[in-house]
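Peer 1: Please build the complex by placing chain B on the supplied structure of chain A, with the hints as guidance.
Protein sequence lines, in the order shown, are assigned to chains A and B.
For the first sequence, the positions run 364 to 853 when this note's numbering is used.
For the second sequence, the positions run 19 to 463 when this note's numbering is used.
The set of hints was computed from the structure by calculation and includes no laboratory data.
Not everything, but these chain A residues come out facing chain B in the computed CB check (under 8 Å):
hint : residue
1    : 390
2    : 393
3    : 398
4    : 423
5    : 519
6    : 644
7    : 754
8    : 755
9    : 758
10   : 759
11   : 760
From the structure, some residues in chain A lie toward chain B, with a derived Cβ separation under 8 Å:
hint : residue
12   : 394
13   : 396
14   : 474
15   : 496
16   : 526
17   : 530
18   : 676
For every residue, glycine included, the Cβ atom is placed at its ideal position computed from N, Cα and C.
Single-letter residue listing:
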Amino acid sequence: MKRLAAGLSLFAALAGAAVFGQREAFRRVPPPAEPLLELRLPLIDSIVLNNGLSLAVIRRENAGLTVIQLLLFAGEAYSPSSEPGIATAAANVFGRTTQLLTPSAVEDRLGDIGGTLSVRVRPDYILFTYRFLTEFFEPALDLLGQMILQPSPSEADLNDVKFSETIDFVELDRNPESVAPRHLIRVLFQGHPYGNAAFSRDAIRNWSIRDVNAFTSALYRPNNAHMVVGGDLNLNEAARKISHVLGGSLWPSKDLPASPLRPAQAPDRERICLIDVPRSQECMIALGTVIPTPALQDRYALNVLSQVLGGTPASRLFMNLRESKNYAYYASCDTDFLLAGGVLSIRAKVKPESVVASVREIQRELALLAREPLPAEDLEQAKAYLINHFPLQVESLDLLTERAVVNEARDEGDDFWNQTYRQIQLVSAERVFDAARKILLQPFVIVVAGDKNLLSSRMNAFDAVEVYDNLGRLQYTTSRDKKGAQNEAR
Amino acid sequence: MNPYRTPFRRWAWLPVLFLAVCPEVRPQTAGDAVHFALKNGLEVILSEDANLPIVSVAVAYRVGSADDPPAKSGLAYLMETLMFSGSANVAPLQHINTMYRIGGNFNASVTEDRTVFFQTVPSHYLGLVLWLESDRMRSLEITPESFEMARNDHLIELRRKRLEEPYLESRMVFDQAVFPGSSFHQPLEGTEMSLTNLSVQDARSFYTEDYVPNRAVLSVAGQFDRVRARELIARYFETIPRGSDIPPASPPPTVPETKAFTRTLADPIATSPAFFWGYRIGIPTAAERRALRLLEYVLIRGASSRLLRRLLGRNNKIAYQVNGGLDIRGDQVAFRVFGVVGTASMLDVCLNAATNEIDRLKRTSVPDDELLRAKRAFQSDRLDSLATPTDRALTLAKAFLSMPDFAAYPKEMEQVLDLTAYDLRVVVNRYFGPDKMFIVKAVTK
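Bound conformation, chain A alone:
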């Protein structure tokens, strides 16, 4: 009887498990994707006002917050070579004081509209992002008008900016993760205006209010600017309101100085730099080359290549350097396209003892991409990622308007939302291979930042090393002679 009962119990349990298992069969495999929803990004209406200001509007109904972004071709590349950093100084001084408003009054006026003003300085341009409660559009525009038309920056404003920048630099200069990429730009663009973007903290003390004013007066002009408004209004309304404050002779256009930009060139030889960051426990590798003025298709091909190489932790470099070899905390690859060229750069935070092996592995991965076309699976996966990820890159109104204003400024066509998808889809393995051979076979600059005491003997594995302090000043170079001995030259 007991045996029968036990048998029945077992049967019941098995049957129950079977039923349960069947009912929950959907858990065993991931569900398929549902039909793709169409990406319908808002239309961008644009117009050029009579003073040359390019104005675009992205309408978002019922937006409680409005975003105005103002792009000016007045980035670090436009700083005079004798005064690096002036573009940064001018951008950060902007809007602090006007002829009618003290700094405190400006802050209060911003507070009155629930507003914030921030700025980002890039090599090509600066981008102001101005956000405020939509209901205060008119007072917000009035304040912006005062900032643009009646700037009155004082010595105190500039000193405040100098102080903040210096404090930031003190922190950044202690961190290999910021030191290495900055030095990479400095070396890649040595003698080119883009090299200004990597100015050091030494430059700050030379900034003067006179130079800031001269820079602003020359370049903060409507015919050098693009503005995008994201919010609940149409182009006609925006054009009318903005013309009223910033149109015509209110903000007059002016002949612009000749652009300092010229096509960037690839490095003529491989260079290896060691930056001493005393007492750092970590080591950062930044490795890159210049992309000489790429065509649009090449850009998308290079984006796919960069994605395969180091777009995510599932990409080749991360899987190799971290997951397989355990050399690195992370490794990634990125492309940055500027008006006069671009940069393909790789960053890896590695253990000091693995620095040489990590550089060799990165070089091996680059060589592989220049030697063999991408397997179809890698190609499709990278393209799928880029296509799927695109709407996430414009998730906020700020990001959407920024993408729009940058594309507008680069004159990349009216249909760039759709073009992004189309261009990614058109990328083939052959096109990636062509781009890889064009770019990856060029000389690279390799920058290693970390504590020299931990790294210098390991760096002897390289034939020649330039050694810098953490402010980017060359200290000495080492080279190996024919007998393999290391020589130091100061």
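Peer 2: Frame of chain A; chain B shown alone:
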């Protein structure tokens, strides 16, 4: 000093009839968001936003470092990593790799009282994300190997922080002072000893007890079909067994009467002196909490706020860096400010200036224009916190966990905007007394 970390980590269908028999128990709405609970106690919030074809899914568990067992601090923090280590139907790293494959964003965070996981993906992958989240809620697999790997990673990170991040000890002393008699001051990442004490069984028990549907909220925001989303949620989450109920709220803990203090600690790795300054508020009422929230804006939110202007003002900058605000852990609240200065002598200059501002608030009502600015900054931040699917999913999940009545959430903004200068003066006089003030100074060695 942001306590809400986002660390990097390695790492059809049923007919509508189904809905009629299964999911909702308590339908209610909160603004444009719909809120309901499944039978197993999982709370669900749906908030649609048709601007882009993306959707964000956040799962927030009512568990954080305050729930770490005695002498085992760091367990909740470790669990955040282990939640990516695979479950019955999801292989280790599959969750992470799936996100990368489909172009999604994801992350996780732990605070003293909650653990939140989120992912934002193209809308057509909503089912996939719900599948991933439900599987780890239902059947996480913590192996000795995954446990060891996670613990080792954390120990390495902890040692690195100790070598490189200044002010850690000062912060801990300050936390113990403003959150006394509770577990809210436990070190979130644990200590080397507590992490070493942990076992794989501790992690499994913690998971079984706390990572259950009736201690969680699922928040979905973005572009999706509401009926379809409900079907999918019911499909993947409805049959996950309910866990043990959260013990009934014990009476508010009697907060020991710690005396106000000023302490000075030498920090071996700090390069600049710094201070933690603030007030132990305890457990305010909901109305007081709103007033404190607005007071926070008057004091330290935005360039025209009093403390920022006083300490970082253009022409009288006396600190290098200042940040802070209300620190809410569970139902307990503190007000804290962290500042870095140039020299040790500036510590007292800053602290005197800051306390003078508090005294001024006690004596004189906040002028109307200043109050209005604080309200507009609050309004702007509130709108911003709901502006994208990711922000919206996270904000609503956190609001659900932190508010006794989620239905009151949409009204909260109006209630804050209705506050008067008198309301602020009442809370500042009640909670910002010298007997509740704590200062920890960190000086360089």
